[in-house]
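First residue of the sequence shown: 13, per the working numbering; consecutive thereafter.
A portion of the hints provided could be inaccurate.
Said to hold, decoys possible - Lysine to aspartate or glutamate pairs mimicking EDC-like chemistry, simulated, CA-CA at most 16 Å apart: (1) K185 x E143; (2) K75 x D172; (3) K31 x D74; (4) K75 x D175; (5) K75 x D136; (6) K189 x D175; (7) K64 x D172; (8) K31 x E81; (9) K75 x D178; (10) K75 x E32; (11) K185 x D136.
Keep in mind the hints are simulated off the structure, nothing from the lab. Every value quoted in this text rests on a predicted model; they were computed, and no experiment measured them.
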Amino acid sequence: NNLATNNAIKLRKNRKELKEIANKVSILSSNLLNLLENSQDTLVDFSNSTTKVISALQNLTDKVQVASEQYYYYVANSHTQLLESQIKELTLITQSLNEIQKGLLNSAEQPVKFRELNLTERIDSLHALIETYTDHHLQRIKEVPKPVKRNLLYFNILSDLDDVTDTTKTLYKNLRKVFKRILPEDILIEPDDKNSRE
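Can you build the whole structure from these sequences, using the hints too?
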């Protein structure tokens, strides 16, 4: 939203907030590693899933930080503002992604809620939406090839959002595996979808 409104001040504030989040993720990752080192559990699958959770958290943080820097410098250098149609598309994508991540965080706090989630289907739908908007943008460029920097920025944003969506799915799938190991057997969690997009 701050990129859409060319709000450089808020974009700069976002960068500071993301650095604080990155520090928290680093602490959480260290705690998870300590848990693995001191755990009595020797199952390879459990350890692999836990390390993938750590990796996904760090990847999400890194991707968002890099994207935030790119968007800030784009606005700070007074480049051409995004089109209204592009802003609407990005708003739909980010709203959907925020809802997915909110559901994931809520279920992480109360693992029983994994049974009620349908994140695999929702994430795949979001991937399809991003691909659709990428195709739309290709058509736009054929009709109006300039300004080049704005066209490149929009492609970068779509690519960033697709990467974040992929990483969110990886985080979700591996959290599910971790919870399957640590929760009582009578608590059912959504089954693995082997046919879903990896």
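Hints the structure fails to honour: Checked against the structure, the hints that fail are numbers 1, 5, 6, 7, while the rest are satisfied.
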